[in-house]
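Novice: Since the structure of chain A is already known, use the hints to place chain B on it.
2 protein chains.
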Amino acid sequence: MPLPFHPADGDPVPAALRGFARAHADLVELHEKPAHLVARHRDPGRRVGLVSGGGSGHEPLHAGFLGRGMLDAVAPGKVFASPHNKQVLEASRQAAGPGGVIHVVKNYTGDRINFGIAAERLRLEGIEVRRVLVDDDLATESDETATGRRGTGATVVVEKLLGAAADTGLGIDELADLGARFAAASRSLAVASCAQTSMHTGLPSFQLEADELEYGVGIHGERAQKTIPRPSTEDLIDRMLDEIVAGLPAGPDEVVAVVNGMGGTTPLELYGLHDLVLDGLARRGLAVSGTLVGTLVPALDMAGFSLTLTRMQQSWQEWWAAPAITPAFPRTAKETAR
Amino acid sequence: MPLPFHPADGDPVPAALRGFARAHADLVELHEKPAHLVARHRDPGRRVGLVSGGGSGHEPLHAGFLGRGMLDAVAPGKVFASPHNKQVLEASRQAAGPGGVIHVVKNYTGDRINFGIAAERLRLEGIEVRRVLVDDDLATESDETATGRRGTGATVVVEKLLGAAADTGLGIDELADLGARFAAASRSLAVASCAQTSMHTGLPSFQLEADELEYGVGIHGERAQKTIPRPSTEDLIDRMLDEIVAGLPAGPDEVVAVVNGMGGTTPLELYGLHDLVLDGLARRGLAVSGTLVGTLVPALDMAGFSLTLTRMQQSWQEWWAAPAITPAFPRTAKETAR
Chain A
1 MPLPFHPADG
11 DPVPAALRGF
21 ARAHADLVEL
31 HEKPAHLVAR
41 HRDPGRRVGL
51 VSGGGSGHEP
61 LHAGFLGRGM
71 LDAVAPGKVF
81 ASPHNKQVLE
91 ASRQAAGPGG
101 VIHVVKNYTG
111 DRINFGIAAE
121 RLRLEGIEVR
131 RVLVDDDLAT
141 ESDETATGRR
151 GTGATVVVEK
161 LLGAAADTGL
171 GIDELADLGA
181 RFAAASRSLA
191 VASCAQTSMH
201 TGLPSFQLEA
211 DELEYGVGIH
221 GERAQKTIPR
231 PSTEDLIDRM
241 LDEIVAGLPA
251 GPDEVVAVVN
261 GMGGTTPLEL
271 YGLHDLVLDG
281 LARRGLAVSG
291 TLVGTLVPAL
301 DMAGFSLTLT
311 RMQQSWQEWW
321 AAPAITPAFP
331 RTAKETAR
Chain B
1 MPLPFHPADG
11 DPVPAALRGF
21 ARAHADLVEL
31 HEKPAHLVAR
41 HRDPGRRVGL
51 VSGGGSGHEP
61 LHAGFLGRGM
71 LDAVAPGKVF
81 ASPHNKQVLE
91 ASRQAAGPGG
101 VIHVVKNYTG
111 DRINFGIAAE
121 RLRLEGIEVR
131 RVLVDDDLAT
141 ESDETATGRR
151 GTGATVVVEK
161 LLGAAADTGL
171 GIDELADLGA
181 RFAAASRSLA
191 VASCAQTSMH
201 TGLPSFQLEA
211 DELEYGVGIH
221 GERAQKTIPR
231 PSTEDLIDRM
241 LDEIVAGLPA
251 GPDEVVAVVN
261 GMGGTTPLEL
271 YGLHDLVLDG
281 LARRGLAVSG
291 TLVGTLVPAL
301 DMAGFSLTLT
311 RMQQSWQEWW
321 AAPAITPAFP
331 RTAKETAR
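So the protein lines, in turn, are chains A and B.
UniProt numbering numbers the first residue of the first sequence as 1 and each following residue consecutively.
UniProt numbering numbers the first residue of the second sequence as 1 and each following residue consecutively.
Quick caveat, the hints were computed from the structure, so don't treat them as lab data.
Possibly wrong hints are sitting among the right ones.
Copies of one chain are not kept apart here, so a pair can be met inside one copy or by any two copies together.
With a cut-off of at most 20 Å between alpha-carbon atoms, the simulated DMTMM-like pairs for lysine to aspartate or glutamate come out as follows [what the hints assert, rightly or not]:
no.	residue 1	residue 2
1	K33	D9
2	K334	E318
3	K86	D43
4	K334	E29
5	K33	D242
6	K226	E209
7	K334	D26
For reference, chain A alone in the conformation it holds in the complex (with noise of 0.2 Å):
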């Protein structure tokens, strides 16, 4: 048993992808064999494509962000695996016009791998391809592996930040450098109180006493470094951004957060988080751009959270606030304005 409710034939990503088409309709339009979603209201002969990708099981990431100012097509791998190079081509084979297309790629072996081989061919058809490669997490910082970084929670700002400048008409170069600068300029760290249900037993993925934390634990269920006793909610908080805050690059005092659910994490916890973590960014002098507080992220069910800053440069701001009509990303403050 995968998960509790999974279809009979124990896959739950076909079913999930059309049921997730059916109920955003309006919004995404499914393709299968191989499997990829686009965006209704992509308009590749104005913008640059933006196509990302990646194992399933961190929904709303990324099909939750198919739309006006966020991306063009998405290429759903099975849980936690990365997609086919296959599904990678057809996407951007939709998403691309004649500016080209760049992907979107979180730091993981798999995922740089088939989009890579889906890059290789769709310069053979003579289609331009960047990649833009997110890597924040700083749990996996390291100078003993080549591998970097993972890429976790960070991703959704910078197809955020990414997908509004798109939309003014910037360049295939220029994109690739500012989705360049949005990852460089995040970082990530996760816990974890229980781990997520694994697809394989239907039991938790690694065991944990009701008084440990995973200390920087990814969203594929890899263990931490560390399992700790677990600190005040408060003391947690600000050892996080401790850490996260020491682990950004030098820049503006401002930033935009994300307080990211990994699952099975309430909403009564994660605003609750979202207060100490305004409160502990004022005392440490950062303004703050905006927030995103949900279940954008997750690591199937495990219960837990991700806490994401990026250091936001005066020019970025517009990008953050512009609307992005998905399925999941929140309405922004210059939406409801209106």
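Specialist: Relative to chain A, chain B alone:
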């Protein structure tokens, strides 16, 4: 340990209210002592005020539905506990205009009593009050008790339709009558594969084996009358649809459907369920005016879902399609078409 990421004082509600109001400051405003939230864009001179409320732990219900096209003010109680009548009173004073105020109340004894006391006081102040009682939960339908069916997932449907109807300038009696008709046209059933975390012990509130399902569960962790062997997801949806359709009053063969997560259930599962529900409705000859899929009326972090069907009159369709500019109600197709 009430919840994994609770504040040091153990009560998650005040911090969550602050964090919520700070996350959605463009849409809502928090008043403390007694705690209530009001929509920024309310217009009591132009429409009858709409107030709801109830125990916390069901977020985004109700505060997530504050804003244009839905609610004007809400009174959030402690977790799974009715708000104090003073909270309802203050919320109602903020929402009421010359046309009066309507209370949308889920059918629980505590909520009925506290909204009732507030209504009496409002009437003493010369404010007209009507009540719309939501009582959709088929699992609690019984000739043996006088309390009637519980109010659960249909609340979001009633609040959506009534909000749009109020925007058209209808009078308080017409709206109260409509609200009663929306509620009467709605039935729900909920199941759980794992209980929510107890606020007292930090452990699941009741125990289920891996192959069991709680059939007809409530939104406060009330156990169901039946614990059943877990059927296939396909058979489960068929059984639930059969019972809900049989429970609906006679009327047009057109429905709104809500696939609601109980807290810990993934979007992968909810969208897969949505696909099965749409197929099941089509097989039963029911047209679909619209659907909602997501965690809208949960019971903290319970793993499970509820299905709600509302039999739609032709004249209600435009109210369903009208935009609701709130923190949590999805964009409607009418809105995205702009």
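Novice: Taking the hints in turn, state whether each one holds.
Specialist: Right, here's what the structure says about each hint:
For the identical chains of this complex, K33 and D9 are intra-copy neighbours only, at 18 Å inside a copy versus 53 Å across copies, given an alpha-carbon limit of 20 Å. Within a single copy, K334 and E318 get their C-alpha atoms as close as 9 Å, which meets the 20 Å cut-off; across copies the closest is 26 Å, which misses it. In the homo-oligomer, the alpha carbons of K86 and D43 never lie at most 20 Å apart, since the shortest distance is 22 Å inside one protomer and 53 Å across protomers. With identical chains, the CA atoms of K334 and E29 are at most 20 Å apart between copies only, with a shortest distance of 17 Å across copies and 27 Å within one.
In this assembly of identical chains, the alpha carbons of K33 and D242 never lie at most 20 Å apart, being 46 Å within a copy and 33 Å across copies at closest. In the homo-oligomer, the alpha carbons of K226 and E209 lie at most 20 Å apart inside one protomer (14 Å), although the nearest pairing across protomers, at 31 Å, exceeds that limit. For the identical chains of this complex, K334 and D26 are inter-copy neighbours only, at 9 Å across copies versus 22 Å inside a copy, given an alpha-carbon limit of 20 Å.
The structure fails to meet hints 3 and 5 from the earlier list, while all remaining hints are met.
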